[in-house]
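Q: Sequence:
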Amino acid sequence: MRFLILFVIGMTLAPAAWAVDALSTEELVSHCDKYHDQEAEKDRIFCVRYVQGFIDGAVATDERVAQNIVKEYEKEESFSQRAARTRIGSRLERYGYTVYADYCLGDPVPLKEVVEHVVAALENKNLVAANPRARDLVYQTLRNRYPCDMVE
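Its first residue numbered 0, the sequence shown is counted upward by one per residue in numbering that gives the first Met the number 0.
Think of the hints as simulated: they come from the structure by calculation, not from any bench. Note that this is a predicted model, so its numbers are computed, not measured. Keep in mind that the hints are not guaranteed to be accurate.
Said to hold, decoys possible - Straight line, CA to CA, 25 Å or less: simulated PhoX-like cross-link-like pairs of lysine-lysine:
#	residue 1	residue 2
1	124	33
2	70	124
3	111	41
What the hints assert, rightly or not - Okay, the calculated beta carbon distance ranges per label pair:
#	residue 1	residue 2	range
4	125	19	38 to 46 Å
5	19	106	28 to 36 Å
6	40	122	14 to 22 Å
7	70	39	20 to 28 Å
8	51	129	17 to 25 Å
9	44	132	16 to 24 Å
10	42	123	18 to 26 Å
Beta carbons: idealized from backbone N, C-alpha and C, even for Gly.
Turn these sequences into a full structure, and let the hints guide you.
A: Here's what the structure looks like:
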């Protein structure tokens, strides 16, 4: 019985222990500042995988959001809504799902190129100070380096 009580208490406290903390920009700096150091393989891998995971997560999320928007439009759509949907469709074909996040990687961009832009941004002390969460700095870097050219 005592084990059961301890188990229940432990389970009620567990969600707080499992909460996901956002990676700080300073922590990302601590890994990415070694990106060009061939001896610091673990740090280089961490840096690259964080950026890759950010992009993969954004693409997956944007794709799901776009699918949900299409479902909403399909319920009942006016002429203007249909026109907007077809315009959205052409933007998706041209830029991919990241167009909704205000950056467009378009044709496959080498991951190395993207990571190098992030590493360069992490060297900017003002940018690091202005973006305490790593995801915000990476997002801002993607928006600045890969803007969407909306000329149709």
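Q: So, for every hint listed, does it hold in this structure?
A: These are the hints, each one checked on the structure:
For the given pair, residue 124 sits about 16 Å from residue 33 by alpha-carbon distance, which is consistent with the 25 Å threshold. A hinted pair counts as satisfied when its Cα atoms are at most 25 Å apart, and residue 70 with residue 124 does not qualify at roughly 44 Å. Between the alpha carbons of residue 111 and residue 41 the distance comes to roughly 16 Å, so the proposed pair stays at or under 25 Å and holds. For the pair residue 125 and residue 19, the beta carbons lie near 28 Å from each other, so the given range of 38 to 46 Å is not met.
Checking the proposed 28 to 36 Å range against residue 19 and residue 106 shows it holds: the Cβ atoms sit about 32 Å from each other. The hint said 14 to 22 Å for the Cβ distance between residue 40 and residue 122, and at roughly 20 Å that hint holds. The supplied range of 20 to 28 Å is broken by residue 70 and residue 39, whose beta-carbon atoms lie about 46 Å from each other. Judged by the Cβ atoms, the range 17 to 25 Å given for residue 51 and residue 129 holds: they are separated by roughly 24 Å.
A hinted range of 16 to 24 Å for the beta carbons of residue 44 and residue 132 is consistent with their spacing of about 21 Å. Distance hint check: the CB atoms of residue 42 and residue 123 are about 19 Å apart, consistent with the given range 18 to 26 Å.
Of the numbered hints listed earlier, those contradicted by the structure are 2, 4 and 7.
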